[in-house]
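According to the working numbering, the sequence shown is numbered sequentially starting from 86.
Quick caveat, the hints were computed from the structure, so don't treat them as lab data.
Any given hint could be a false lead.
Restraint ranges, calculated between C-beta atoms of paired labels, are given here [claimed, not checked]:
{"#": "1", "residue 1": "I310", "residue 2": "L192", "range": "41 to 51 Å"}
{"#": "2", "residue 1": "A365", "residue 2": "L192", "range": "41 to 51 Å"}
{"#": "3", "residue 1": "T163", "residue 2": "M335", "range": "15 to 25 Å"}
Here a beta-carbon is modelled for each residue, glycine too, at the ideal position from N, C-alpha and C.
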Amino acid sequence: MAANTNDTYVYTGLPQNWKQTARPRVGINGFGRIGRLTLRAALTMNVDVVAINDPFLTTGHMAYMFQYDSTHGRFNGTVTSTASELIVNHLKIKVYNNKVPGEIPWLDHELDFVVEATGAYTTIDKAGEHLTAGSRKVIITAPSSDAPMFVCGVNLDLYQPYMNIVSNGSCTTNCLAPLVKVINEKFGLQEGLITSVHSLTSSQLVVDGPSNKDWRGGRGALQNIIPATTGAATAVEKVLPEMRGKLTGMAFRVPTPDVSVVDLTCKLIIPATYKEIVEAVREASMNGMKGIIGFTNEMLVSSDFKGSTCSCVFDAQAGLALNDSFVKLVAWYDNEFAYSCRVVSLINYIFAVDLCRSKRRKSDSKMHRRKGDDDDKDHTCCGCLG
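Using the sequences plus the hints, can you model the full thing?
Shown next as C-alpha cells:
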C-alpha cells in the first residue's frame, strides 16, 4: 500500500467505525527487545496496548520475558497470563501467533496503530498488510526505504494525515539528528564524520559463525570490537535534507548489552568556542529539545545512561575542539529504552494531530485540503499537544 504522493488528498477524519478514544489503542507485532520495551514505555505514556502478535512465543513465555529482563531489570508490576492473554498490571492484552501480518485480527480491537517491531516488514508494501488487517496506522521501528521517516524534535511538523505508514528511524538516528539540528541551526554544519560505538544486538553471534552480509559481522560479539556500517548519516539526510552530502560515518559494535554513544566530528561554518557550543546544546535541552536532548556535565560512563528516556544525552565533558571551527561532540543514548520511548512519543503526536484535525474538519465542513494549505503546515489548531 503506497503513500499518497498526489498534490491533493481527501481527509475525512477518523474512520466512522472507530471510537474516538482519549488514548491511542495500539497493537504490537513482534515481542522482541523493542516490542517488550515499547510496552513498558506505553504503560507510563498514556497509550493502551491491547493486542500483541508474535508467532514464536506462547503467552507464558511472553509473560516471563516481559517480567524478567537481564538488561533493564525486573518489571515493577504484576505480570500473568492465560491461554490467550498477557495480563500486565491487571490490563488484559490479547495475544496472537500469526505468521502473516495480513491475517492478524487487528480489526477486532479497533486499533489506531500497529507497532511493527519484527524488523522484517519495513517497506510500505509489507507493513501495509497491517492496514489490510484493520489498523488505522503503522509505525515501523526501523529505517524504511520508502516510508516517511520522523524523528521527534526534528521533523514532526512535516507529518500529514494521509501518511498511514511511517518509520521511527533507528536509535542512532534519533540520537544524532536532534544534535545535528541544534548545531546546524546555531553555527552551521559544513561537514561531519560520525562514529557510533554501538552495544551488541540480537542480530550478532555469541561465537564466530558465518555472515554473508559482512564477514566481520559474523565474529563473536562478546569477544570483539567489530567495525560495521551505519545508515545513520543517510537517515539524517532524510529528516534534515539540508544535510545532504555533508555527513558520513561508520560504527563499532562493542561487547556491552545496552547504551551506545555517537561521536560527531564536524567543521562549523560560524566559528565558536567549545564553551559556546556546550551552552547552545544546554539551552536547547531546556527549551525546544526538552525531553529529546539531555545534558550532563558529570564524569559518567555508559551504564549511567541505562534507562534514560532522552533520545540523546550530550556529554559536555567528553567533547573537545581543535579550534573554533573543528570540534568533536559526544552524545549517549539508551539504544533500547530511549528509542522505545520515542516510538510511543510518535504515536501520541500523530494521534493528537489526527484527532484534532478530524474535529476541525467537522467543525468547518471543509473536507478537501491541499497539502500546501496553511492549516496543514503546522499543528496550531488547539492545545492538545501541550
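Each hint, compared with the structure:
At about 47 Å, the CB distance of I310 to L192 agrees with the hint of 41 to 51 Å. Look at A365 against L192: about 48 Å separates their beta carbons, and that is inside 41 to 51 Å. In this structure the supplied range 15 to 25 Å is violated for T163 paired with M335, their Cβ-Cβ distance being about 44 Å.
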